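*Asks:* Chains C and A are the protein sequences, given in the same order. Per the numbering used here, residue 1 is the first one in the first sequence, and the count goes up by one each step. Per the numbering used here, residue 245 is the first one in the second sequence, and the count goes up by one each step.
These are calculated hints, taken from the structure and not from any lab test. In this text the structure is predicted, and so the values were computed from the model without any measurement. Hints should not be assumed to be uniformly reliable.
As the list claims (entries may be wrong) - Below, a sample of chain C positions facing chain A; criterion: calculated Cβ distance under 7 Å:
| no. | residue |
| --- | --- |
| 1 | 69 |
| 2 | 77 |
| 3 | 132 |
| 4 | 190 |
| 5 | 197 |
Glycine included, C-beta positions come from ideal geometry on N, C-alpha and C.
Residue strings, one per chain:
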Amino acid sequence: MSDFLSILGEEFPQVGSGLWVTLEATVLGSLLALLLSFVLGLAAGSRLLLVRGVSRTVVEFFRGTSLYIQLFWLYYAMPPLTGYELTPLVCGVVAFGLNYGAYGSEIVRGAINSVPRAQYEAAVALNMTPFHRMRKVIMPQAWVQMIPSFTNLLIQLLKCTPLLWLLSAADLMTAIEHVRSRSGESLITYLLLLAVYFVLAYALTLLMNMLERTAKRRLGLHTGAGSLLRTRTAEAAATAGGAR
Amino acid sequence: MNQSFRWDAVGDAFPLLLEGFRVTLLATVLGTLVAAVLGLAVAVAGRAPSRFVTVPVKAVTEFVRSTPLLVQLVGAAAVFSSVEPLTIGIIVLGIHYAAYTSEVYRAGIDGVPKGQWEACRALSMSPRRTWQAVILPQAVRNVLPALGNYAISMFKETPFLAVITVQEMVFEARKYGADHFVYTEVFTLAGLVFLVASYPTSLLMRKLEKRLGH
Chain C
1 MSDFLSILGE EFPQVGSGLW VTLEATVLGS LLALLLSFVL GLAAGSRLLL VRGVSRTVVE
61 FFRGTSLYIQ LFWLYYAMPP LTGYELTPLV CGVVAFGLNY GAYGSEIVRG AINSVPRAQY
121 EAAVALNMTP FHRMRKVIMP QAWVQMIPSF TNLLIQLLKC TPLLWLLSAA DLMTAIEHVR
181 SRSGESLITY LLLLAVYFVL AYALTLLMNM LERTAKRRLG LHTGAGSLLR TRTAEAAATA
241 GGAR
Chain A
245 MNQSFRWDAV GDAFPLLLEG FRVTLLATVL GTLVAAVLGL AVAVAGRAPS RFVTVPVKAV
305 TEFVRSTPLL VQLVGAAAVF SSVEPLTIGI IVLGIHYAAY TSEVYRAGID GVPKGQWEAC
365 RALSMSPRRT WQAVILPQAV RNVLPALGNY AISMFKETPF LAVITVQEMV FEARKYGADH
425 FVYTEVFTLA GLVFLVASYP TSLLMRKLEK RLGH
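So that you can see chain C by itself, here it is in the shape it has in the complex (with noise of 0.2 Å):
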């Protein structure tokens, strides 16, 4: 045990850089899904055949072949095929991106789907163009329902960083597996690095409960302090066929 800490300290520098890299895998990856969740998502409401079906393709190509293909996929078979050749924390990046920003377009869906029709209907009948309509009315109501979804999703996508370990990225896995494999202690690095991950996915909750709170104020909804300390829901109908 002891052996472990002092190994631990010494390794200290390489597993605060391997938790950099997996932070920036989450935040570039999140951002990267939150943008295509929103493209996909609003290209599936569009009255277009054309783009319903596009983004419809794209959802159900991402959503269906498994994140873990996906990945190597970008890592493996991507450079013979075209020539390009990606970091694994790039392909990292890509392949949650698209994989969460798939899952993500249904939330998106679904939360401008839940506001009420006739808040489109009192829209059209003020003489709002449709952008005006989504900024103003539609999207404000829906982002409340959507940010415990997106919650859910973002957690995921945390969890599955420790893959870049596969590609032989410099993560916070690989970092503490080398910890592992000088001083022996298999329990004790695993718990250490499970407790590392629980802490930085309750943090991500308490920052999206934040979120929320602001998000329900814009509306008029206020809630009391208690709500921010308040874990996530399982949602088994949002994530439905899909991300666990």
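Let chain C serve as the given structure and place chain A on it in line with the hints.
*Replies:* Here is chain A on its own, set in the frame of chain C:
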């Protein structure tokens, strides 16, 4: 394109991938069974009258849900190194998903009208009989579509098992790719197999959900 797509490799690797696919399916089915049974147990325990039971149950499920499956798998395989990898994979998948299915059951149990509990008490049924004869039959019917969805997502996560040397489809694909240096072909093929298997299943689940009125 630097190099043409080698169709011969696709034909060559296909039987091997199918062999691995059997293991993938086996892990999914058994993992889902573990998750379905364990999730129910966790959900029922979560409604125990004592906080000494409910608080730890809640804490453990939250922990399992918030931490990466890959670390859980690799960790379990390292700690229980004498156990067969497939067994570890099935148990870890089952436990991981039980943390999710327990919430599904919880919602299903909450969905049973309160009057049903009251009626049971009025008939002075034992708690055990209340669960068995009245609550669970109604709750389980409601949660079946959601459980099916988790089965599909578990199916898409079985490639993680390759990391702990379970010889499922992706393990075979990586091995074949490394031996013959044809990663592009085998990974594309493996992805398509997943797509072909999971898309019809999710369509079917959606139909089932609509039918049960969700």
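*Asks:* Please go over all the hints and tell whether each is borne out by the structure.
*Replies:* So, going through the hints one by one against the coordinates:
Interface restraint check for residue 69(C): the shortest CB-CB distance to chain A comes to about 4 Å, inside 7 Å, so the restraint holds. This hint holds: residue 77(C) has a C-beta 4 Å from the nearest C-beta of chain A, less than the 7 Å allowed. For the restraint placing residue 132(C) at the interface with chain A, the shortest Cβ-Cβ distance is roughly 34 Å, beyond the 7 Å limit, so the hint is violated. Because the smallest distance between the Cβ of residue 190(C) and any Cβ of chain A comes to about 3 Å, under 7 Å, the interface hint for this residue holds.
Because the smallest distance between the Cβ of residue 197(C) and any Cβ of chain A comes to about 5 Å, under 7 Å, the interface hint for this residue holds.
When each numbered hint is compared with the structure, a violation occurs for hint 3 only.
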